[in-house]
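Undergrad: Chain by chain, the residues run as shown.
Number of protein chains: 2
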Amino acid sequence: MKRREFIKKAGVAGVATAAAASAFPSPAISQGRKQWIAVSAFGKAGLLGQALNEFAAFVKSVSGGKFTIKVYHAGELVKPFEALDAVQSGTAQMGYGAPYYWAGKSDSISFVAAMPYGLTAQEQNAWAYFGGGIEQADKLAYNPLGLKFLPMGNTGNQMGGWYNKPINTVADLKGLKFRMPGLGGEILKSFGVNVVLLPGSEVLPALTSGAIDGTEWIGPAADMGKGLYKVVKNYYYPGWHEPATILDGFFDLKQWEKLDSEQKDIITRGSAATNLFILSKFQAINNSALQKLINTHKISMNKYSDELINAIGARATEVIPKIASKSADAKALYNHIVKFRSTMVDWSNFSEANYLQARGAANFKAI
Amino acid sequence: MKRREFIKKAGVAGVATAAAASAFPSPAISQGRKQWIAVSAFGKAGLLGQALNEFAAFVKSVSGGKFTIKVYHAGELVKPFEALDAVQSGTAQMGYGAPYYWAGKSDSISFVAAMPYGLTAQEQNAWAYFGGGIEQADKLAYNPLGLKFLPMGNTGNQMGGWYNKPINTVADLKGLKFRMPGLGGEILKSFGVNVVLLPGSEVLPALTSGAIDGTEWIGPAADMGKGLYKVVKNYYYPGWHEPATILDGFFDLKQWEKLDSEQKDIITRGSAATNLFILSKFQAINNSALQKLINTHKISMNKYSDELINAIGARATEVIPKIASKSADAKALYNHIVKFRSTMVDWSNFSEANYLQARGAANFKAI
Chain A
445 MKRREFIKKA GVAGVATAAA ASAFPSPAIS QGRKQWIAVS AFGKAGLLGQ
495 ALNEFAAFVK SVSGGKFTIK VYHAGELVKP FEALDAVQSG TAQMGYGAPY
545 YWAGKSDSIS FVAAMPYGLT AQEQNAWAYF GGGIEQADKL AYNPLGLKFL
595 PMGNTGNQMG GWYNKPINTV ADLKGLKFRM PGLGGEILKS FGVNVVLLPG
645 SEVLPALTSG AIDGTEWIGP AADMGKGLYK VVKNYYYPGW HEPATILDGF
695 FDLKQWEKLD SEQKDIITRG SAATNLFILS KFQAINNSAL QKLINTHKIS
745 MNKYSDELIN AIGARATEVI PKIASKSADA KALYNHIVKF RSTMVDWSNF
795 SEANYLQARG AANFKAI
Chain B
445 MKRREFIKKA GVAGVATAAA ASAFPSPAIS QGRKQWIAVS AFGKAGLLGQ
495 ALNEFAAFVK SVSGGKFTIK VYHAGELVKP FEALDAVQSG TAQMGYGAPY
545 YWAGKSDSIS FVAAMPYGLT AQEQNAWAYF GGGIEQADKL AYNPLGLKFL
595 PMGNTGNQMG GWYNKPINTV ADLKGLKFRM PGLGGEILKS FGVNVVLLPG
645 SEVLPALTSG AIDGTEWIGP AADMGKGLYK VVKNYYYPGW HEPATILDGF
695 FDLKQWEKLD SEQKDIITRG SAATNLFILS KFQAINNSAL QKLINTHKIS
745 MNKYSDELIN AIGARATEVI PKIASKSADA KALYNHIVKF RSTMVDWSNF
795 SEANYLQARG AANFKAI
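Just so you know, the sequences run in chain order A and B. When you line the first sequence up against this note's numbering, it's residues 445 to 811, in that order. When you line the second sequence up against this note's numbering, it's residues 445 to 811, in that order.
Bound conformation, chain A alone (with noise of 0.2 Å):
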């Protein structure tokens, strides 16, 4: 609804109206309404697709009704991936999903999602907002593709995935059909690894049938939803591939540009506790999830052996830096990164690496 059809249908008329028009210089009034059309990679049901509602309707609250988004998730309006071809035509003013689904678009956008043996999700979220992480991100990979970037949610440190038959030494890679997207999946494949790319649902179908041995999805929570543990029992941790993994709101950058700064406030802060409010529940909700899958699917729990985090640790620093020299603009952000990461690393091992080791020490009981 436009501003002149608003003030028309509530109801005045001739010089009133041009009184009222007059009388009320609030930016948010005399710029009229606004309304957007955000497209999501993630389906409805979901926490993520519940998010982006809540997002929608915190806009709608906030902005008194004259800011609104209507959200379509995956499906409804374009195929998930394509939701930043969406964004760019301008179908869309807003998207939604994992910057590594846009790898397709930008050399360095897989980058901003997630890197192996990287940062974990408090790392990332101070590279974001106070490292000039999301200032590199819209320079190095958004801003050429014509968008903005917000970091808007955070799935935590992944599982290490679910394989056919133990896995202990790097020849038990040799030869495995692995689904595994992203840098880790090139890390696997320089181990002869037959690296498989399989949209979500066809990953439990292709473990199955035995076209994969084995896949890494997410965390307890997803996987399980997804019941990959029907099929194989292995779960391996931890999840060096994605340590934390962005999820990115994104926006065409002229319609950005376009916002006052009333409305930029509202979807940065806005955005901002949508990353919080996932990682948060991803957090409390994996835990239950775990115990389930042990204790109810029997499940086996084992942890990735230090040869195998080791040579694949190593490795990866050979890979990533090969995938990172693509483009200037991939190299600039990997450097970026890992500069960051060099100034975290220690902080985070003398901190939480030690404190969650000691913690084991108290066991507290309801009284």
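Hints were generated in silico from the structure; no laboratory data involved. Check each hint, because a few of them may be wrong.
For identical chains, the list gives no copy identity; a pair is met inside one copy or between any two copies.
[To be verified] In silico DSSO-like cross-links for lysine-lysine, where the CA-CA straight-line distance does not exceed 27 Å:
1) K488 x K583
2) K742 x K670
3) K809 x K775
4) K702 x K504
5) K736 x K783
6) K523 x K775
7) K504 x K514
8) K766 x K809
9) K742 x K783
10) K549 x K523
11) K633 x K809
12) K809 x K783
13) K736 x K618
14) K478 x K708
15) K708 x K504
16) K775 x K621
17) K549 x K809
18) K583 x K674
19) K708 x K488
20) K809 x K770
21) K583 x K809
22) K514 x K621
23) K698 x K504
Given the coordinates of chain A, assemble chain B onto it according to the supplied hints.
TA: Structure of chain B alone, referenced to chain A:
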């Protein structure tokens, strides 16, 4: 400024005013302007003062200037620890601090801030937003004081503190004069530590004069700013006493209930974003401070011995339940947090703890 004054100042008179008033039935305008006062326990200069200013600026911006919060930092209107009194007495409508600052008012409220060997920052956020934490804190701590609570910042994992000599065994604790407020201090007392409570401004003088043998403060960035390294060099980790500390935004409950849904949305999401921003900023600045403490100021990084971590952890499970038994509210809140903690430990160990150990296998270099 009240709505009537606003209309008057907008320069509209007589019948046109009446028409205008009825023509725009938007809740934001029809309910007029709201002006709140906020009082903080933190100084203006630090990152917490800045974050509160930015929160108030956000509220003003997205409300189109119709909801303003005038911020008074520590000492500007009332003394730091009088912030809660100021809200209870109606001098202010909002306060900002750390829950354990108000321990004199409530037996349960310290549990909202932190618990020795308790939740990490990511787990606290999961507890607050998706584990019923905000609801329980309101019911058992804030509502009985006539207040509404929202998390509005987190320090992340703190450091264990500064000592004038190495501390390796339980015997080393006996007779030590150490500053540690809250539940951690209560545990140390049980080992014969002479626990001293001092306001922040007196910590460095007391350390310098030898009135205390050591102190905990926050983390590398804040500790360096305080100059503690100038007097003592033994810096201990991890911060078992405050694995993470929630900062609290609190509101006059009657004023909160008078807010419309738009105003509540502004405060709720605005404070969640502040929560994330503060944790992210602490994470971003702690490592460079740590490097400077180690390399320039030549401090000694000491890990608490297994003997101490285990003995203190075991004692925590005796002392804290005893403190929680002081009132029904404290007991209920302790039980709620302990139950949530038991649902977090496994997942955080499999994911974050194992990942942080594995990460050292990759040493990325700029290209």
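Undergrad: Are the hints correct? Go through all of them and say.
TA: Do the hints match the structure? See the list:
1. With identical chains, the CA atoms of K488 and K583 are never at most 27 Å apart, being 31 Å at best within one copy and 33 Å at best between copies.
2. In this assembly of identical chains, the alpha carbons of K742 and K670 lie at most 27 Å apart only when taken from the same copy (16 Å versus 52 Å across copies).
3. In this homomeric assembly, K809 and K775 come within 27 Å of each other (Cα to Cα) only across copies, at 12 Å, whereas the closest approach inside a single copy is 51 Å.
4. Taking identical chains as interchangeable, the C-alpha atoms of K702 and K504 lie at most 27 Å apart whether they share a chain (18 Å) or sit on different chains (20 Å).
5. Proximity of K736 and K783 under a CA criterion of 27 Å is satisfied inter-copy only: 17 Å between copies versus 39 Å inside one chain copy.
6. For a Cα distance limit of 27 Å, the shortest separation of K523 from K775 qualifies neither inside one copy, at 30 Å, nor across copies, at 51 Å.
7. When the C-alpha separation of K504 and K514 is checked against a cutoff of 27 Å, the pair qualifies both within a copy, at 10 Å, and between copies, at 25 Å.
8. Taking the shortest Cα distances, K766 and K809 sit within 27 Å of each other only across copies (12 Å), while inside one copy they are farther apart (51 Å).
9. Within a single copy, K742 and K783 get their C-alpha atoms only as close as 42 Å, which misses the 27 Å cut-off; across copies the closest is 24 Å, which meets it.
10. For the identical chains of this complex, K549 and K523 are intra-copy neighbours only, at 16 Å inside a copy versus 56 Å across copies, given an alpha-carbon limit of 27 Å.
11. Taking identical chains as interchangeable, the C-alpha atoms of K633 and K809 lie at most 27 Å apart only when they sit on different chains, with a minimum of 22 Å there against 47 Å within one chain.
12. Taking the shortest alpha-carbon separations for K809 and K783, only the inter-copy value of 8 Å comes in at or below 27 Å, while the best intra-copy value is 43 Å.
13. In this assembly of identical chains, the alpha carbons of K736 and K618 never lie at most 27 Å apart, being 32 Å within a copy and 45 Å across copies at closest.
14. Taking the closest pair of Cα atoms, K478 and K708 come within 27 Å of each other both inside a single copy (13 Å) and across two copies (22 Å).
15. In this assembly of identical chains, K708 and K504 lie within 27 Å of each other by CA distance both inside one copy and across copies; the values are 13 Å within and 13 Å between.
16. In this assembly of identical chains, the alpha carbons of K775 and K621 never lie at most 27 Å apart, being 30 Å within a copy and 53 Å across copies at closest.
17. In this assembly of identical chains, K549 and K809 lie within 27 Å of each other by CA distance solely across copies; the values are 26 Å between and 53 Å within a copy.
18. Neither within a single protomer nor between protomers do K583 and K674 lie at most 27 Å apart by alpha-carbon distance, with minima of 44 Å and 42 Å respectively.
19. For the identical chains of this complex, K708 and K488 are neighbours both inside a copy (25 Å) and across copies (26 Å), given an alpha-carbon limit of 27 Å.
20. Taking CA atoms no more than 27 Å apart as the test, K809 paired with K770 passes between copies only; the shortest distance there is 16 Å, against 55 Å inside one copy.
21. For the homomeric pair K583 and K809, the shortest alpha-carbon distance between copies (22 Å) is at most 27 Å, but the shortest distance inside one copy (51 Å) is not.
22. Taking the shortest Cα distances, K514 and K621 never come within 27 Å of each other, neither inside one copy (41 Å) nor across copies (61 Å).
23. In this assembly of identical chains, K698 and K504 lie within 27 Å of each other by CA distance both inside one copy and across copies; the values are 21 Å within and 26 Å between.
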